[in-house]
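Undergrad: Listed here are the chains, written in short residue letters.
2 protein chains.
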Amino acid sequence: MKLSRNSQAIEFSPIRKFSPIATEVKKSGVKVYHLNIGQPDVKTPDCFMDAVRAFDADVLMYQQSQGDIKFLESICDYYKREYDVEYKPTDIVVTMGASEALTMTFTTILDPGDEILIAEPFYSNYQTFVLTSGGIIKPIPTSSKDGYRYASKEKLESALTQKTKAIVCINPGNPTGLALTAEEMDVVADFAIENDLWLIADEAYREYVYDGMKPRSFANIDRLKDNLIVIDSVSKRFSACGARIGFVVSKNEEFMTGVIKLAQSRLCVSTLDQIGSTELFKLPSSYYEEMNKEYRNRRDAAYEEIMQIPDVICHKPGGAFYMMIDLPIEDAEDFLMFLLTEYRDNNETVMFAPASGFYGTPGKGKSEIRIAYVLESNYIKRACQLIRTGLEAYKTKNA
Amino acid sequence: MKLSRNSQAIEFSPIRKFSPIATEVKKSGVKVYHLNIGQPDVKTPDCFMDAVRAFDADVLMYQQSQGDIKFLESICDYYKREYDVEYKPTDIVVTMGASEALTMTFTTILDPGDEILIAEPFYSNYQTFVLTSGGIIKPIPTSSKDGYRYASKEKLESALTQKTKAIVCINPGNPTGLALTAEEMDVVADFAIENDLWLIADEAYREYVYDGMKPRSFANIDRLKDNLIVIDSVSKRFSACGARIGFVVSKNEEFMTGVIKLAQSRLCVSTLDQIGSTELFKLPSSYYEEMNKEYRNRRDAAYEEIMQIPDVICHKPGGAFYMMIDLPIEDAEDFLMFLLTEYRDNNETVMFAPASGFYGTPGKGKSEIRIAYVLESNYIKRACQLIRTGLEAYKTKNA
Numbered sequence: 001m002k003l004s005r006n007s008q009a010i011e012f013s014p015i016r017k018f019s020p021i022a023t024e025v026k027k028s029g030v031k032v033y034h035l036n037i038g039q040p041d042v043k044t045p046d047c048f049m050d051a052v053r054a055f056d057a058d059v060l061m062y063q064q065s066q067g068d069i070k071f072l073e074s075i076c077d078y079y080k081r082e083y084d085v086e087y088k089p090t091d092i093v094v095t096m097g098a099s100e101a102l103t104m105t106f107t108t109i110l111d112p113g114d115e116i117l118i119a120e121p122f123y124s125n126y127q128t129f130v131l132t133s134g135g136i137i138k139p140i141p142t143s144s145k146d147g148y149r150y151a152s153k154e155k156l157e158s159a160l161t162q163k164t165k166a167i168v169c170i171n172p173g174n175p176t177g178l179a180l181t182a183e184e185m186d187v188v189a190d191f192a193i194e195n196d197l198w199l200i201a202d203e204a205y206r207e208y209v210y211d212g213m214k215p216r217s218f219a220n221i222d223r224l225k226d227n228l229i230v231i232d233s234v235s236k237r238f239s240a241c242g243a244r245i246g247f248v249v250s251k252n253e254e255f256m257t258g259v260i261k262l263a264q265s266r267l268c269v270s271t272l273d274q275i276g277s278t279e280l281f282k283l284p285s286s287y288y289e290e291m292n293k294e295y296r297n298r299r300d301a302a303y304e305e306i307m308q309i310p311d312v313i314c315h316k317p318g319g320a321f322y323m324m325i326d327l328p329i330e331d332a333e334d335f336l337m338f339l340l341t342e343y344r345d346n347n348e349t350v351m352f353a354p355a356s357g358f359y360g361t362p363g364k365g366k367s368e369i370r371i372a373y374v375l376e377s378n379y380i381k382r383a384c385q386l387i388r389t390g391l392e393a394y395k396t397k398n399a
Numbered sequence: 001m002k003l004s005r006n007s008q009a010i011e012f013s014p015i016r017k018f019s020p021i022a023t024e025v026k027k028s029g030v031k032v033y034h035l036n037i038g039q040p041d042v043k044t045p046d047c048f049m050d051a052v053r054a055f056d057a058d059v060l061m062y063q064q065s066q067g068d069i070k071f072l073e074s075i076c077d078y079y080k081r082e083y084d085v086e087y088k089p090t091d092i093v094v095t096m097g098a099s100e101a102l103t104m105t106f107t108t109i110l111d112p113g114d115e116i117l118i119a120e121p122f123y124s125n126y127q128t129f130v131l132t133s134g135g136i137i138k139p140i141p142t143s144s145k146d147g148y149r150y151a152s153k154e155k156l157e158s159a160l161t162q163k164t165k166a167i168v169c170i171n172p173g174n175p176t177g178l179a180l181t182a183e184e185m186d187v188v189a190d191f192a193i194e195n196d197l198w199l200i201a202d203e204a205y206r207e208y209v210y211d212g213m214k215p216r217s218f219a220n221i222d223r224l225k226d227n228l229i230v231i232d233s234v235s236k237r238f239s240a241c242g243a244r245i246g247f248v249v250s251k252n253e254e255f256m257t258g259v260i261k262l263a264q265s266r267l268c269v270s271t272l273d274q275i276g277s278t279e280l281f282k283l284p285s286s287y288y289e290e291m292n293k294e295y296r297n298r299r300d301a302a303y304e305e306i307m308q309i310p311d312v313i314c315h316k317p318g319g320a321f322y323m324m325i326d327l328p329i330e331d332a333e334d335f336l337m338f339l340l341t342e343y344r345d346n347n348e349t350v351m352f353a354p355a356s357g358f359y360g361t362p363g364k365g366k367s368e369i370r371i372a373y374v375l376e377s378n379y380i381k382r383a384c385q386l387i388r389t390g391l392e393a394y395k396t397k398n399a
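Chains as they are written, first to last, in UniProt numbering: chain V, 1 to 399; chain X, 1 to 399.
Source of the hints: derived by calculation from the structure; they are not laboratory data. Be aware that one or more of the hints could be misleading.
The list treats identical chains as one, so a pair stands whether inside a single copy or across any two.
To be verified - Listed below are the simulated DSBU-like cross-link pairs for lysine-lysine, each with C-alpha atoms no more than 35 Å apart in a straight line:
id	residue 1	residue 2
1	70	397
2	43	155
3	70	381
4	70	163
5	282	163
6	163	145
7	163	364
8	381	80
9	138	70
10	163	397
11	145	2
12	138	2
13	17	163
14	2	214
15	2	43
16	80	397
17	397	43
18	214	397
19	364	88
20	225	145
21	153	27
22	364	282
23	2	163
24	366	155
25	27	225
26	381	395
27	282	145
28	397	225
29	70	43
30	153	70
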């Protein structure tokens with residue numbers, strides 16, 4: 001009774017695999033600042049739990065496989081209000097987080113051996129999502145020095161092969177925080193259209209773009225309609241990660257029919273989480289503005305601290321709540337183990353995600369780390385200080 | 001931009017594909033009795049929503065990928081209390097319903113071309129779960145005349161090939177309602193052990209066995225430990241279908257490591273649904289006894305009505321809340337369409353699941369239907385009457 005080759009090929013999440021060690025360290029009384037995981041400390045809007053608490057049916061029943069119609073309508077209203085995009089409920093299928101939206105998408109479009117283009121580094125779970133659908137990730141290489149930019153015609157075309165089926169844009173990016181400019185989005189859109197590719201736009205952080213940039217969806221590019229699959233989620237936008245609610249959106253009817261067949265096979269998504277999420281999408285634009293300001297402040301606090309590290313390479317990220325940091329070290333996993341098991345300052349230490357797990361290409365990203373600036377600014381500052389002072393101690397130890 | 005071959009091969013759920021028509025019919029004012037879907041009308045125990053309403057953290061955070069430790073402990077206590085089986089939290093991973101538990105299981109054990117044995121007819125979504133994992137379903141044929149029994153050494157061995165990787169037992173059965181005897185469970189267990197197969201025991205209806213039978217889990221068969229994967233769920237047991245909570249249980253550590261890697265890739269399962277479900281598993285044994293009695297009465301009501309149909313073949317099912325009925329007709333889908341679109345008695349009609357969708361073998365099961373006796377007895381009686389009188393009208397029309 002062996003396990004499948006796919007199971008053997010799948011790796012532990014680089015974001016979560018050091019968690020058991022951190023748990024032990026915390027048990028011993030050490031405070032650990034968690035910059036490793038995108039779990040914001042921002043309050044979940046009250047309207048979520050208010051709606052859940054008001055649920056008073058006798059039976060907690062299945063929902064429709066494609067999602068609660070009230071929730072679907074609430075999503076459509078949001079797209080219209082915030083982005084002036086017209087979606088109808090049949091363009092949407094509600095999923096268990098963006099994760100299931102991606103799994104369903106890849107299962108629907110990929111045959112064994114088909115290739116997916118995605119800028120590297122990328123959110124590591126894409127490896128698993130694509131692998132279990134039989135596909136292959138073809139990374140578009142980028143570099144820390146260029147701030148991980150990838151959306152040029154040359155870069156995209158050099159990764160294209162006969163087997164390319166789709167291009168994925170996580171925008172704003174995870175782990176890079178890169179926010180594509182409107183011009184770059186157009187380049188990617190035209191590339192997808194010209195080469196008859198699906199464009200999978202993972203826009204879970206869409207509202208979180210900074211420095212005067214206006215939030216924009218690939219759905220705003222009308223000519224892209226048939227090619228576009230938008231992956232969306234409530235987790236990050238509304239600090240409701242424990243509500244496992246995502247959705248897949250497309251005007252391509254053939255694609256949506258494929259997704260609905262998969263949705264029917266797993267019956268439906270949590271009824272209560274949909275009831276709460278329905279209210280989240282009714283929040284006014286001011287909610288996004290306020291959150292945007294909060295994360296921008298956190299980013300600035302993080303960036304200021306990080307840039308005090310000698311020989312660091314870090315571009316101020318334009319979106320999401322992640323920052324890639326290229327450190328003057330050989331092995332970020334080794335540095336993280338040092339922080340978790342040896343380094344203490346005032347009985348505190350810090351945790352980040354080593355970035356090698358965000359690369360599909362073996363050996364890449366070993367000196368890089370990803371931090372999630374999901375804590376309030378003074379904690380972020382302290383946590384980034386600990387990276388800096390921890391690095392000094394690490395260098396002294398290894399000298 | 002074509003869809004994948006898998007997507008094209010997947011069929012709409014036979015349980016759900018007629019739902020849009022039923023929705024239209026109901027809009028026109030006709031009452032439709034739903035015997036097509038296993039959605040009980042039994043009240044969800046109050047402890048579920050009481051626990052959910054009491055949730056008062058500021059942030060609705062991610063849970064651990066393997067599940068909320070309190071929930072895992074509550075499941076372990078239940079297995080000990082009700083079945084005298086010792087599981088520890090690390091033997092369990094919480095999933096989005098039994099559906100995700102099955103998808104993860106197949107992804108973890110199947111390579112392309114590997115075969116899964118399962119008695120036919122079987123819960124139709126297995127087709128999708130196995131297909132998307134690259135595997136193949138090898139059905140063990142049964143017949144309505146024999147009450148769909150399959151657990152004999154001869155039947156099992158004649159389906160075995162070099163590619164067989166696992167045998168699935170949905171016990172009690174969906175759609176058949178067949179409850180394996182203790183002796184039959186031993187036969188299947190020995191077959192799995194002797195042939196080095198995984199035994200996937202889908203026991204979502206475990207407490208619902210009738211006629212003096214005592215609930216028993218495959219986990220009660222100690223020698224099966226390394227081979228056994230139990231699939232479980234809260235939906236049916238506690239009439240909480242909208243809480244998308246299932247779990248996969250195994251003492252095989254290698255297998256569980258594979259499952260945890262998949263669980264990490266999709267982060268976690270609904271935090272609130274886990275909080276509610278934790279309380280469900282604390283319900284006393286008397287809860288199961290009461291529910292068991294309720295479903296037994298419903299079964300008896302259904303069976304009594306159904307047996308009044310001339311030339312029907314129906315074995316009184318020993319478990320779950322499904323009944324297969326072999327009707328004296330050629331095409332159950334055609335009969336269902338007649339009931340939905342033409343037949344009315346006192347402005348009422350009835351809906352069931354045509355059974356051909358529960359067969360992997362093309363052409364089989366066309367005269368059979370599955371009903372779910374999930375409504376209270378007087379409704380069940382009325383609904384089964386409508387099948388009988390509808391059938392008379394259908395025969396007259398086609399005469």
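Undergrad: All hints, please: hold or fail.
TA: To see whether the hints hold, each was checked on the structure:
1. 70 to 397: For residue 70 and residue 397, neither the intra-copy (59 Å) nor the inter-copy (41 Å) Cα distance is at most 35 Å.
2. 43 to 155: neither (40 Å within a copy, 58 Å between copies)
3. 70 to 381: between (41 Å within a copy, 34 Å between copies)
4. 70 to 163: Classified as neither: same-chain Cα gap 40 Å, cross-chain 46 Å, threshold 35 Å.
5. 282 to 163: For residue 282 and residue 163, the Cα distance exceeds 35 Å both inside one copy (41 Å) and across copies (52 Å).
6. 163 to 145: Result: close within a single copy only, 30 Å intra versus 51 Å inter.
7. 163 to 364: within (24 Å within a copy, 38 Å between copies)
8. 381 to 80: Answer is neither; intra-copy 37 Å and inter-copy 48 Å both fail.
9. 138 to 70: neither (38 Å within a copy, 41 Å between copies)
10. 163 to 397: The answer is neither: 48 Å in one copy and 54 Å across copies each exceed 35 Å.
11. 145 to 2: Answer is neither; intra-copy 44 Å and inter-copy 38 Å both fail.
12. 138 to 2: Answer is both: 28 Å inside a copy and 19 Å across each meet the 35 Å cutoff.
13. 17 to 163: Intra 32 Å, inter 34 Å, cutoff 35 Å: intra and inter.
14. 2 to 214: between (51 Å within a copy, 34 Å between copies)
15. 2 to 43: Neither, since 45 Å and 43 Å both go past 35 Å.
16. 80 to 397: neither (56 Å within a copy, 50 Å between copies)
17. 397 to 43: So residue 397 and residue 43 fail the 35 Å test inside a copy (40 Å) and across (63 Å) alike.
18. 214 to 397: Neither: 46 Å inside a copy, 64 Å across copies.
19. 364 to 88: The answer is neither: 42 Å in one copy and 39 Å across copies each exceed 35 Å.
20. 225 to 145: Within one copy, since 34 Å is at most 35 Å while 53 Å is not.
21. 153 to 27: Neither, since 51 Å and 52 Å both go past 35 Å.
22. 364 to 282: This pair counts as neither: shortest intra-copy Cα distance 42 Å, inter-copy 49 Å.
23. 2 to 163: For residue 2 and residue 163, both the intra-copy (30 Å) and inter-copy (12 Å) Cα distances are at most 35 Å.
24. 366 to 155: Cα proximity of residue 366 and residue 155: one copy only (23 Å, versus 55 Å across).
25. 27 to 225: Cα proximity of residue 27 and residue 225: across copies only (33 Å, versus 51 Å in one copy).
26. 381 to 395: within (21 Å within a copy, 78 Å between copies)
27. 282 to 145: neither (40 Å within a copy, 56 Å between copies)
28. 397 to 225: neither (56 Å within a copy, 48 Å between copies)
29. 70 to 43: both (24 Å within a copy, 23 Å between copies)
30. 153 to 70: Neither way: residue 153 and residue 70 sit 41 Å apart in one copy and 51 Å across, limit 35 Å.
Hint compliance for this structure: hints 1, 2, 4, 5, 8, 9, 10, 11, 15, 16, 17, 18, 19, 21, 22, 27, 28, 30 are broken, all remaining hints hold.
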